[in-house]
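Engineer: Sequences listed follow chains A and B, in order.
Counting from 1, position 447 in the first sequence corresponds to residue 447 in this note's numbering; the numbering is continuous, with no gaps.
Counting from 1, position 92 in the second sequence corresponds to residue 92 in this note's numbering; the numbering is continuous, with no gaps.
Honestly, the hints are just simulated from the structure, not real lab data.
Beta carbons are placed, not taken as given, at the ideal position from N, Cα and C, and that holds for glycine.
No false leads were mixed into what you were given.
Here are some, though not all, of the chain A residues that point toward chain B, as calculated from beta-carbon distances under 7 angstroms:
#, residue
1, 67
2, 117
3, 154
2 protein chains.
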Amino acid sequence: MSEERLPTRSENFSEWYNQLVLRSELADYAPVRGCMVVRPYGWALWENITAALDSRFKATGHVNAAFPLLIPRSFLEREKDHVEGFSPQLAVVTIGGGEVLEEPLVVRPTSETIIGHMYAKWIKSYRDLPVLINLWNSVVRWELRTKLFLRTAEFYWQEGHTAHASEAEAVAETMQMLEIYADFAENEAAVPVVRGRKSDTEKFAGAVDSYSIEAMMADTRALQAGTSHNLGQNFARAFDIRYLDRNNQQQLCWTTSWGLSTRFIGAIIMVHGDDQGLILPPRLAPHQVLIVPIHKDEAERALVMEAVERMRRQLGGFRLRLDDREGLTPGFKFHDGEMRGVPLRLEIGPKDVAKGTVALARRDRPGKDGRTFVPQDGLDRAVADLLVQIQHDLFQRALTFRLQNTHQPEDYDAFRQVLESGWADVWWCGEADCEAVIKEDTKASSRVIPIDQPGGQGVCIRCGRPARERAIFSRSY
Amino acid sequence: MSEERLPTRSENFSEWYNQLVLRSELADYAPVRGCMVVRPYGWALWENITAALDSRFKATGHVNAAFPLLIPRSFLEREKDHVEGFSPQLAVVTIGGGEVLEEPLVVRPTSETIIGHMYAKWIKSYRDLPVLINLWNSVVRWELRTKLFLRTAEFYWQEGHTAHASEAEAVAETMQMLEIYADFAENEAAVPVVRGRKSDTEKFAGAVDSYSIEAMMADTRALQAGTSHNLGQNFARAFDIRYLDRNNQQQLCWTTSWGLSTRFIGAIIMVHGDDQGLILPPRLAPHQVLIVPIHKDEAERALVMEAVERMRRQLGGFRLRLDDREGLTPGFKFHDGEMRGVPLRLEIGPKDVAKGTVALARRDRPGKDGRTFVPQDGLDRAVADLLVQIQHDLFQRALTFRLQNTHQPEDYDAFRQVLESGWADVWWCGEADCEAVIKEDTKASSRVIPIDQPGGQGVCIRCGRPARERAIFSRSY
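This is chain A alone, in the form it adopts within the complex (with noise of 0.2 angstroms):
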């Protein structure tokens, strides 16, 4: 790690953002145009997130499969909206074992097509019915402007993909999914969402209804943290899944698909972190505390280092990293665990052995106030405590920042002051060409119309039509 200090947040969040992606080593770039390396710590945060979004999923009835990386080009063509979509950004495989192929292969861009294929050949009956399957793979879209996380060629992610008998089925999978996104989102990453359903400009080629869970960063952009789409049956259609019902009739199914992605990280990233790097959340974070033995001599050394491994017994419930690298300066260790995000630091010297001590600092809380002397006996019940505290903290601080930077402009000129620095909460009439002109009008596209709605209604913020509904809208990543 280098000494050289992180450009400020409000100096240059984007240079912020690269940089600190970097120096805390989540990632880096890769020797291929636009894909990254995730490296060790940036892996172990999303093991994380894995394992906290599959004992969801399996706690609602899916199971994992994997499906082929490589799908034959004319699957992609079988379903219109969805091959205009992904086209323009498709790996193509046109070479292999040295021959060139009669049909290329497109590398996965996402599996909606090649599952539709299976299902179709898996499905008979209603008693085959739901089918709930997720994949956690890599997908590849080939993307012009890169940024490490938030837009990668390459870009790791789960794809969920199910199958029902009827369409309140496969809604009531669609929401149930988004839901349990916020659910992860709000409780184990601590970032606040708005949960929504996507404008018909925004959705998923080839979906009746998309929905996402929208964040909003520390830079007030907003990003689409995660999605749940409802399918109906038009890749039902397109690949040919049919069921016999209970009467003995063919019928199309209804399917439904959910992604989230280490976009995730990004998220995290930009919701929390400080001028002076990462602030993971303590339920995600590869280390929760970074402990630092401070000593001058070997007597010293040995005195700490024995109640340094009492501690780690003590504390053998959390995840710990002990820094006790040699030749570097407490003052360095301290500086690389804030660049990292430990949310707390334990400090043990020789005169907290004597005192029966040691000094816990929040990483969230940097400097006096954020750092306790707590006594060794019921370290780890101290330890619990303030873990959730930050947890917490994190939360409330992230949702206050979305409260304060979310207006309700009543004109299309205060709208757009808005935009320059904030979400807008409007009603809107929903229809493609007014979002055209906001977008080219503002650079802010509608993010999310949100579940939650007041009811009654207004008139469109820009168009003066009436609206039925209030939507969001942001920049956005």
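Got chain A sorted already, so can you dock chain B onto it with the hints?
Structural biologist: Only chain B this time, still in chain A's reference frame:
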């Protein structure tokens, strides 16, 4: 599941395998040549394999990360043997985002090259060593003749890649990982293995030495079930992976790589399975206990299901599957559970409820011999004991089979005879020309030069030259 019976292993081992994989719903053929879909039941087995390996990797200081799927083709050309070995098997992306790429990208067949590139960037000093990284991903190798799990164009695996400051450390790492694979195979999968070194002909393209664990399938052919490679300084030289040593001198690193893949699922199937279907080792089985409630009418059903609920709570520490599907006979469910290889079946009907007992049937001992009645009180203990016993017996049975089918022929005629239906353990000169003749004569190859050697020396079984080591020859998958 179809009611039709499997071909027996003695009728047609290959067809028994193919049909079993499909009918137990472990995997299916994908619509892309040579690729497979790993279905939920197969993926659950793989997840248990990954968990067992991953905990061993982490306990020995390794961390996970993710590297890009796409690799510039020029990277493969930097290590002479590596490119020769992998060139014929590559899938090549020539189009990205609608445009022909200036430099084609290969879909990774293995990641030594791109990892070498990044390690050269990350490693500066001896303080940065060792680097101990593992990846869980899939790789693509174009194959002409494919077979589900055993040889597919895309397969799932882990690949470990480490860099060290000395040759001794790299060798120790190579041997440590070989031992971890052997420990996993024997203690988790109940698959006995021989640990050993590969011949020059059989080693990894680019390695100094390759080691593998080899297992005997039920048709006596060998399967290479995991490999660990000492790469010497070959890749460090090709990618310029250097570090400053304690004396401030530039040194080349020493690297290793090691992998175990979904191929191992093929080993589990072919080592333990019988003519009724799979037999899964309890420690890895997705379902350890299949519960089949037996009832004729609604009153019996209520009675039995109440007991079943009690038992599910009692057996909460095990992976259970309750087969309460309607409209299927208990016989069909027994047959289904046998096909899927669930180690233990628990049957409970109204009489059992009245007597306070259940029937437990061992999958590895079909018929009356393996079926016992046990009291519902203390059932968890009985189940735990039986699962341990089954795990132990599966290993012993496989080991006995291997020992019975491993021979020490004394001359070349006997050697050829042995290789018709078994392993030959013989003195061998180790020369590539000699191995080529043996392969031509017998269709068998050297599988492994065991770590455990008797010492002394003999004469080569074929050429009569002096031989310092014994080797295992066999036909193989």
